[in-house]
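Start from chain A and add chain B according to the hints.
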Amino acid sequence: MTFLFQVAAYVFALGGAAFLFRLIGRNITDNAPYFRDMSAGVAIGFAIGAFAIFWVLYTYLVNFSGWWSRDPASNKYFFFYVAIHGLIIFAIVAYAFRWLGRNIGTEATKKLFRQMPATASFGILVIFIYAIVSIFAGFIAPYGQEEVLKTANLAPGADPAHLLGTDQIGRDILSRLIYGGQNTVGIAFATTCLAFLIGITGGFLAAIKGGWIDQILSRSVDALMAIPQLIFALLLMTIATAWAGNNGLLVTLYMILIIAVLDSTRVFRLSRAVGLNIVVMDYIEAAKLRGETLPYLVFKEILPNAYAPLLAEFGLRFCFVFLTIASLSFLGIGIQPPLADWGTMVKDLSTFLSYAAFLPVQATLPLMAAGAIALLTVGVNFVVDWMLQRTSGLKE
Amino acid sequence: MNSVLGIILQRLGLGLLTLLVVSILIFASVNALPGDFAQAILGQGATPEAVAAIREDLGLNKPPITRYFDWLAGVITGDFGTSFAQANMSSFAGADTGKGGIASVADQMWPRFKTTLFLAGTAAAISIPLSLLLGILAALYRNSAYDRFINVSTLSAISSPEFFLAYILILFLSFLNPILPSLSNISEGMPFLDKLYYTLLPALTLTLAVTAQMMRMTRAAIINLLASPYIEMARLKGVSPMRVILIHALPNALAPIINVIALNLAYLITGVVVIEVVFVYPGIGQLFVDSVKNRDIPIVQACCLLFATVYILLNLTADIMSILSNPRLRHPK
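Protein chains in written order, with our numbering: chain A, 1 to 396; chain B, 1001 to 1333.
Chain A on its own, in the form it takes in the complex (with noise of 0.2 Å):
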């Protein structure tokens, strides 16, 4: 009952206070039109969004103290500051590069960042970062993503020379951190790229051949289509489970198999699509008449045409092929254990979860695998949206 007087409460207080706003704002500004044709509506998503940037600030501030010194009854807090400062960070850095993208470079990149919203080239940072990493987890990580080390189960910030601590066999967390960026992003693109060449080969083989080829091709990808994805490559993933055996890596290899060919039905659409309509071009056709064979015709006429779509379906795939992946490995049936990878570090590390309360910092193991899984897919969407908007030329 208190409750339901509670929520009665703050009902009647956020409407009083978007009446008020609205005929502070009505004298104020001596009755500008603004105010006056402002609906209810509109009045009481200001006080929503004035009341929750108040309870942010006011929660921010009385909890400081107790976050600073570590009080153990701040716990409960820790969490909220750390997506609190995690965004200030964020917007920061991403202001910052697209600050230094619009005064360094050349004409051609310093107009593409003046016309970028913040969200776009905070988007194309992550990606930098995550390839920097990726590529040199060898030379960046401080140790073996399989190497043992002497104390298990070790605390972040217990020990200088394990930044994160170490997992339940005694592994440090950082570098396998680092090793399962090299490793689930690596093994995402490289599928990407896969699906891409099936995909793309398949597509623009049935625009150009059309007849029986592009039947078979395309009632083959209708089929597979029916099954939904996830589910069809965990059936796939039982088999090759069954013939790999106990070599991981062999089911890892499948799994790469598994859904770049699941993937490139998407991928086939797509390019069947745009290929025909490059197809009925007039430069096809001289192509053909000069007698041109058909790779280059694939590859030299068409895909150079096709690029804008086929770049910003590369994107939204990869993000796809990720979180697929990332699924699969936390499922326990995706990529296998001498390669470190978030998905199944998620799944170890989970049950650290349960400290929130008493140990925050050690809670935010499970999540900063996960976090990392979420950072790049958000990050390559913003730049795929940010491209599509860009391309289609929608402006409202």
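Please note that the accuracy of each hint is not assured.
As the list claims (entries may be wrong) - Not the full set, but computed from the structure, chain A residues with beta-carbon under 10 Å of chain B:
#, residue
1, Ala17
2, Ser354
3, Asn381
4, Arg390
If you're looking for bench data, these hints aren't it; they were derived computationally from the structure.
Virtual Cβ for every residue (Gly too), placed ideally from N, Cα, C.
Then chain B, alone, in the frame of chain A:
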């Protein structure tokens, strides 16, 4: 009206055909397994005679095409066979196929499918109204701070892996503020409210995962229409912006919105695998993953077919609904 019925019947026929192809695909993939049922049940120390006896018993020595039709006939009558985990040596000792006392695949799957439907239903009941509301508001106040905020946050939610969203929700709503349980130990015959209480956290996670796409589609579909002349006319008439969107734009934007809702419903039922594992929710996704790990082929096969059926059915519904909601398709010239 006749032509509509014709179109629907045609789509249904196509759906059945797809389902047939899917069943062939599943059967063929399962047959690519090394060894067969008999060896899998008996394990490595099996004598050739015992293996041969079980092959004879289950009809595994028949050619694949005959076995496929036997399986299909079983599926149509609701008999999915016996799961490996339930079957063992003793059940095959006699001449009968070991039906007595052993839960069949269908018996195992049905209650779990019902709990999954409950989860999907709860998630749909929250996410569909929410995403429509957010989408309409985003279209109404496009390019405002609200629009940008909702755009960025939904894009982030859609690109995060489900287990990340699940763990974030568990962290804040279960461990730091003990409001909801982090494990969904649901049993049969629980009162409805208790069931809802244990389902709420997984349902909220699913809501986060699917709301973004439906909301973005609602926004895009409405905004696409705002440039058309009849909307301009309504605006010039002095119709309020809210009314323009609700009465003039929304009915014409329904087809793509219904389509994306149906697709997301399909996702709710088939994409629950990861979320059920995180919350130890006793649904069909959990059963599927366990069976995949144990290589319990009859269950994997049956679950796969079930998921595909639901998926095809919902896609079909999306197709038919978008025809029904569009007069131009309803009355083709």
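Each hint tested on the structure:
1. Hint status for Ala17/A: violated, given a least beta-carbon distance of 17 Å to chain B, over 10 Å.
2. The interface hint given for Ser354/A holds, since its Cβ lies 6 Å from the closest Cβ of chain B, which is under the 10 Å cut-off.
3. The beta carbon of Asn381/A comes within 4 Å of a beta carbon in chain B, closer than 10 Å, and the hint placing it at the interface holds.
4. The criterion of a C-beta within 10 Å of any C-beta in chain B is not met by Arg390/A, whose closest approach is roughly 16 Å, and the hint is violated.
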